[in-house]
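Engineer: Here's the letter readout for the chains.
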Amino acid sequence: MTAEAMKFLAIAITMLAVMPSAIGEGLVVSHAVDGIARNPDVYSKLRTTMILGCSLVETTAIYALLIAILLIFVAK
Amino acid sequence: MDIVAQLKSTELAGGVFTSMLVMLIMIILAIYIGIRAHFHNPLKKPKGMLLVAEIGVTFFENFAEGLLGKRFRMLGGYLMAIGVYLFLAFIFGLTGLPSPMTTLSVPLSLGLSTFILIHATAIKYNKIRYFKRYVEPLPLFLPINLISMWAPLLSLTLRLFGNALSGFVIMNIVYFGLQNLSAAVFASLEASMGSWNEVFFAPFVAWILHLYFDLFSGFIQTTVFLSLTTIYVGQEAPEEYLD
Chain A
1 MTAEAMKFLA
11 IAITMLAVMP
21 SAIGEGLVVS
31 HAVDGIARNP
41 DVYSKLRTTM
51 ILGCSLVETT
61 AIYALLIAIL
71 LIFVAK
Chain B
1 MDIVAQLKST
11 ELAGGVFTSM
21 LVMLIMIILA
31 IYIGIRAHFH
41 NPLKKPKGML
51 LVAEIGVTFF
61 ENFAEGLLGK
71 RFRMLGGYLM
81 AIGVYLFLAF
91 IFGLTGLPSP
101 MTTLSVPLSL
111 GLSTFILIHA
121 TAIKYNKIRY
131 FKRYVEPLPL
141 FLPINLISMW
151 APLLSLTLRL
161 FGNALSGFVI
171 MNIVYFGLQN
181 LSAAVFASLE
191 ASMGSWNEVF
201 FAPFVAWILH
211 LYFDLFSGFI
221 QTTVFLSLTT
231 IYVGQEAPEE
241 YLD
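Protein chains in written order, with my numbering: chain A, 1 to 76; chain B, 1 to 243.
In short, the hints are calculated from the structure, not lab data.
Since the structure is predicted, the reported quantities are computational estimates derived from the model, not experimental observations.
Note that CB positions come from ideal geometry on N, CA and C, so glycine has one too.
There could be a bad hint or two in this list.
Beta-carbon label-pair distances, calculated as ranges [to be verified]:
| hint | chain 1 | residue 1 | chain 2 | residue 2 | range |
| --- | --- | --- | --- | --- | --- |
| 1 | A | Ala3 | B | Ser192 | 41 to 47 Å |
| 2 | A | Ala12 | B | Ser109 | 32 to 38 Å |
| 3 | B | Met20 | A | Val74 | 24 to 30 Å |
Just a sample of chain A residues kept apart from chain B, beta carbon distances all over 12 Å, derived [claimed, not checked]:
| hint | residue |
| --- | --- |
| 4 | Ala12 |
| 5 | Leu27 |
| 6 | Leu56 |
| 7 | Ala61 |
| 8 | Tyr63 |
Required output: the full structure, derived from the provided sequences and hints.
Structural biologist: Structure (structure tokens):
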């Protein structure tokens with residue numbers, strides 16, 4: 001395999017980290033919806049917390065994306 | 001004159017210049033509101049910008065007080081400065097100039113200021129016992145503790161940088177693709193318009209993505225940064241004093 005191909009393989013492996021992050025985000029939203037279905041009054045409070053939690057979980061995916069971008073543009 | 005020539009000769013990343021522009025906007029706003037507040041009759045209702053500023057100050061002070069209790073009410077000033085700067089910096093990408101957040105040194109300095117605030121709070125409340133945390137539970141853990149000390153700084157910095165940079169790169173890819181698509185569809189216009197046949201699709205598609213990557217993402221990241229700052233600072237204060 002050439003070095004170029006190895007680089008793109010490395011990028012693909014890096015982006016695997018997005019998968020568990022997506023699962024985690026789905027869990028956050030599913031539990032939030034459970035909570036709202038049980039008690040619709042807390043909707044406005046839960047929404048803020050849910051978006052905050054979502055973006056915290058998303059951070060892992062953003063790190064992976066950042067490393068992938070760095071690999072594309074910086075790695076030789 | 002000398003300063004202008006010096007600025008032109010220095011090689012700074014574009015983000016640093018836009019960061020200076022954002023700071024200039026903030027300084028002008030702050031001076032204007034300060035003058036308005038100084039000459040304002042406190043018995044009358046505030047109007048316009050002054051009203052917005054007062055609502056903002058109250059909001060951020062209540063935000064700090066709600067999460068940490070009354071003695072951290074003064075944290076509202078720091079939170080408001082950082083929050084306004086962050087949001088302006090994120091939506092600065094709407095002007096077409098590079099957002100300050102896409103240069104690593106800008107989010108790094110923001111993260112560093114929060115990092116210093118965290119450790120200053122820890123030293124203020126723990127005094128000499130602050131240094132005990134590095135040798136816990138055993139002196140053997142000193143190197144590990146010294147490394148894990150930098151984790152909040154890294155996480156705060158890379159969260160902002162990664163978010164802004166990924167949005168910036170994705171927007172550039174979208175613009176590039178739309179340019180080529182437009183040039184391919186309107187290839188017959190090239191004789192009369194030159195390279196201007198590349199501009200037909202981007203205005204109809206790009207604004208939706210700008211809405212997400214600049215406005216929504218910027219707002220969310222500002223909220224997350226402020227919440228994390230408050231939570232990290234609150235962690236350092238001993239709990240028995242929390243009211």
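Engineer: For which of the previously enumerated hints does the structure constitute a violation, in increasing order of number?
Structural biologist: 6, 7, 8
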